[in-house]
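**Student:** Sequence:
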Amino acid sequence: MEQTDALGTVPRAPLPLKRAGRPPREVAAQLGDRILGVAEGLFLEQGYGATTIEQIAGHIGATKRTIYVRFTGKAGLFHAVVKNVLDARRPDLRTIGTDRGVDERLFDMAMRVLNYVLDPDVVRLLRVVTAEAYRFPELNRVIEEQAAHGVAWAVGKMLEEEVLLGRLVLDDTALATRLLLSLIIGAPSREAGRGAKPLDQVARQRWVTGAVALFLDGARKVERTTP
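Counted from 1, the sequence shown has number 203 at position 203 by my numbering; the numbering is strictly sequential.
Calculated from the structure, these hints are not laboratory results.
Heads up, none of these hints are tricks.
Once the Cα atoms are required to be at most 30 Å apart in a straight line, the calculated DSBU-like pairs of lysine-lysine come out as:
(1) Lys64 - Lys83
(2) Lys157 - Lys83
(3) Lys197 - Lys83
(4) Lys64 - Lys74
(5) Lys221 - Lys157
The calculated label-pair distances, taken between Cβ atoms and stated as ranges, are:
(6) Gln46 - Arg70: 17 to 25 Å
(7) Arg94 - Arg141: 20 to 28 Å
(8) Thr72 - Gln30: 14 to 22 Å
(9) Asp103 - Gly58: 47 to 55 Å
(10) Glu45 - Arg220: 42 to 50 Å
(11) Asp103 - Gln46: 39 to 47 Å
(12) Gly47 - Ala187: 21 to 29 Å
(13) Asp33 - Tyr134: 26 to 34 Å
Ideal placement from N, C-alpha and C gives every residue a C-beta, glycine not left out.
Throw the hints in and build the complete structure from the sequences for me.
**Tutor:** Put into structure tokens, the structure is as follows:
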């Protein structure tokens, strides 16, 4: 027989308590971001070899297993840090449309790319790779993978478009892409990596103007006149 209260009604069972706090997925994502943030700071400050999983785990108050579950190991974590650093700073070259002349288009692209590789955190990251790639050859592979799917790919597509438009003549756009990027970022990036003060904006504009002009002198379509 059901129990009733003083008014003769049957009391309702208490509703289950709702869990407080954020959903598990959100908590997991925040933990992943914390791991990446701490790892980025340590890798860029100490280098790859001197940074350990134990250090990273200690900074966030977690266990090594927590990091291994998410990133498989130190190399996997560094790969994620590289991707995080480069993705956050990589310029979107797709916004430089074909409505502009080839000179203006390549100049805009080159300025964005040069500013990208001279970003302080990108410079620090490349220093880590340069200093320790002989001991950890996988570091070079990580950088090459990011370059292949990032700036180099976008510049290659831009040159292919210019060829289709008839404004450039290039027998090998893949080679032309590598040569153009070497002209734009080669020396400035190496000098910054060695610790030299990066070029200021005026010097960057002068450098880019010269690099693009030199490239176009060999790649621009020349209108031939009949004698």
